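Top line first, the protein sequences correspond to chains A and B. Everything in the first sequence is counted per the working numbering, starting at 18 for the first residue and increasing by one. Everything in the second sequence is counted per the working numbering, starting at 277 for the first residue and increasing by one.
A portion of the hints provided could be inaccurate.
[To be verified] Simulated DEER-style distance windows between Cβ atoms:
1) A:Val-58 to B:Val-285: 18 to 26 Å
2) B:Gly-326 to A:Pro-22: 23 to 31 Å
3) A:Thr-27 to B:Ile-380: 36 to 44 Å
No wet-lab data here; the hints were simulated from the structure. Since the model is a prediction, treat every value here as computed from it, not as a measurement. All C-beta atoms in this analysis are idealised placements derived from N, C-alpha and C, irrespective of residue type, glycine included.
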Amino acid sequence: MPLDPTVVGTELPTATMTVDRGRLRFFAKAIGETDPKYTDVAAARAAGHPDLPVPPTFLFSIELEAPDPFSYLSALGVDLRRVLHGEQSFVYHAMAYPGDELLATPRISDVYTKKAGALDFIAKATRITRADGTVIADLQSLIVIQNPGGTA
Amino acid sequence: MIGIDSVAVGDELPPLQAPDVSRLTLALFAGASGDHNPMHVDLDEARSAGLPDVFAHGMLSMAYLGRLITDWVPQERLRTFRVRFAAITPVHARPTCTGRVTDISVVDGERRATVEIVVTLADGTITLSGDAVVGL
Numbered sequence: 018m019p020l021d022p023t024v025v026g027t028e029l030p031t032a033t034m035t036v037d038r039g040r041l042r043f044f045a046k047a048i049g050e051t052d053p054k055y056t057d058v059a060a061a062r063a064a065g066h067p068d069l070p071v072p073p074t075f076l077f078s079i080e081l082e083a084p085d086p087f088s089y090l091s092a093l094g095v096d097l098r099r100v101l102h103g104e105q106s107f108v109y110h111a112m113a114y115p116g117d118e119l120l121a122t123p124r125i126s127d128v129y130t131k132k133a134g135a136l137d138f139i140a141k142a143t144r145i146t147r148a149d150g151t152v153i154a155d156l157q158s159l160i161v162i163q164n165p166g167g168t169a
Numbered sequence: 277m278i279g280i281d282s283v284a285v286g287d288e289l290p291p292l293q294a295p296d297v298s299r300l301t302l303a304l305f306a307g308a309s310g311d312h313n314p315m316h317v318d319l320d321e322a323r324s325a326g327l328p329d330v331f332a333h334g335m336l337s338m339a340y341l342g343r344l345i346t347d348w349v350p351q352e353r354l355r356t357f358r359v360r361f362a363a364i365t366p367v368h369a370r371p372t373c374t375g376r377v378t379d380i381s382v383v384d385g386e387r388r389a390t391v392e393i394v395v396t397l398a399d400g401t402i403t404l405s406g407d408a409v410v411g412l
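The shape of chain B in the complex, shown without the other chains (with noise of 0.2 Å):
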C-alpha cells in the first residue's frame, strides 16, 4: 500500500506478473466466476469453431489488473474500473499488468487519481487497456 497523500501524476504502480496461464488456471477461472463459456476449456469446441486452441477469458485478466489496483490502494476507495478487451490471451501467455497515475482532480469533493492500466504479454501483446478511477 502507498501513503496515499503522496500520490503524483506520472506515478507507476508496482508491476503485477501474472503466472502463465495454464489450462489448469482456466479451469479454476471457469467455476470460480460462473462463465462456462466452453470456448475457454473445452479443446474439442474451440476446434469446432476453427481456433487452434482455447483462450483465456478476458475477465481472468481483468481480474489481474484488479490485483495490481487493490495492491495499490485498499479497495473501498475503488470508484470506476474499466478496460477494452484489445487482443485474445493464449493458453501459455505470460500477462504483466501495469498502470501509472495519468491525472489528479477533484470530483464530487473527493481528490481522485486516474490510473491508466494495461495487461501486456511477454512478446508486446496489449490484450486490455483501460482506466481505474480511486479516491486519494
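Just chain A, same shape as in the assembly (with noise of 0.2 Å):
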C-alpha cells in the first residue's frame, strides 16, 4: 500500500527519559557488555567519566520511551509485523550520563516505494537533546514495509 507522501516533515510524538545507571546496566547486561566502565562507575571515573556512560546505540532507545512507539506506524495503516529496520545512523555531539534527562524529537522525512509497491520505506529523523538545550546526537532510521504479495 503507498504511502501517504504528504506524511514527510509529519513531527511524532516526543519522548523524554531520565537516565539512570540500573537502566545502563540492565542495557549492558542485554549486550553482553565486558567493558567495567559501562557497569561500574568507579571504572567509569577512573576513565575520566563522571558516571558511566550512555553507550552509542542507546540513544536509540529515548524515543522507544512513548507510550505507544510505534504508533505512528498504525496511523500510516502498516502493520507491524511487516516491518524490518533496514539503515540506522548517529551524529554524536556530547555524551550523556545517569541523571541526564534527555529528550527524543523524532520527524518523518521522506516515504518512498521501490518494487513497484512491494517495499515502502518511512525514513525517521531523530534528534536528542538534554533538558539544558545541549544537542546529544542526531539519528536517522530507514524502516522498510514487506507488502504482502510482494516479490521482495
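From the two separate chains plus the hints, produce the assembled complex.
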C-alpha cells in the first residue's frame, strides 16, 4: 500500500527518559558488555567519565519510551509484523550520563516505494537533546515495510 | 585500547565474538532497549505473519558493533556510526563483529579514522555493514 506522501515532515510525539544507572546496567547485560566502565561507576570515573557513559546505540531507545512508540506506523496503515529496520545512523555531539533528562524529537523525513510497491520505506530523523538544550546526537532510521504479495 | 597515534589504514580491529543469540537474550534486549515489537519475542506473533520463528532486533547487532568500537577507542572519540541491515539474524545465530580502518583524514581540524564494520554469521551471511568515524 503506497504511503501518503503528505506525512513527510510530520513531527512524531516527543519522548523523554531520565537516564539511570540501573537501566544502563540492564542494557549492558542484554548486550553482553564486559567493559566495566559501562557497569561500574568507579571504573567509569577512572576512565575520566563523571558516571556510567550512555553507550552509543542506547540513544535509539529514548524515543521508544513514548507510551506507544509504534503508533505512527499503525496510523499510516502499516502492519508492525511486516516492518524491518533497514538502516540506522548516529552523529554524536556530546556524551550523556545518568541523571540526564534526554528528549527525543522524531520527524518523518521521507517516504518512498520500491519494487513496484512490494517495499515501502519510511525515513525518520530524531534529534536527542538534554534538558539544558545541549544536543547529544542526531539519529536517522530507515524503516522497510514488506507488503504482502510482493516478491521482495 | 590502542595507541591512537599508531592507527594506520588497513589496521584490523580485534574481532568481537558475540554469544549465540538466545531467546533469553532477545527478551532481555526487548526490555532493556524498550523495543517491544513482538516479532522478536513472541513466537505466536511471528507465526501469524508466516515466519517460522522470531528473529533478533537489528539494534542488538548494532550494539555489538558499538562494543567492537568502544573496545578499540574510548567512546567519546566516536563521531559517527551507521549501518545497513542486510539480513535478519535468526535465533541461535552466532554474530561476529569485525572492522578495518579504510581512511585517515583531517576533518574539522581533527585527524579522524574511518572504520568499515561488518557483522557476519557462522554460515557467512553478512547481517550488518557500515562504518564508524573516530577522532584520533
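Hint check results:
1. A:Val-58 to B:Val-285: 18 to 26 Å: Violated: the Cβ-Cβ distance is about 37 Å, outside 18 to 26 Å.
2. B:Gly-326 to A:Pro-22: 23 to 31 Å: holds, 29 Å
3. A:Thr-27 to B:Ile-380: 36 to 44 Å: holds, 40 Å
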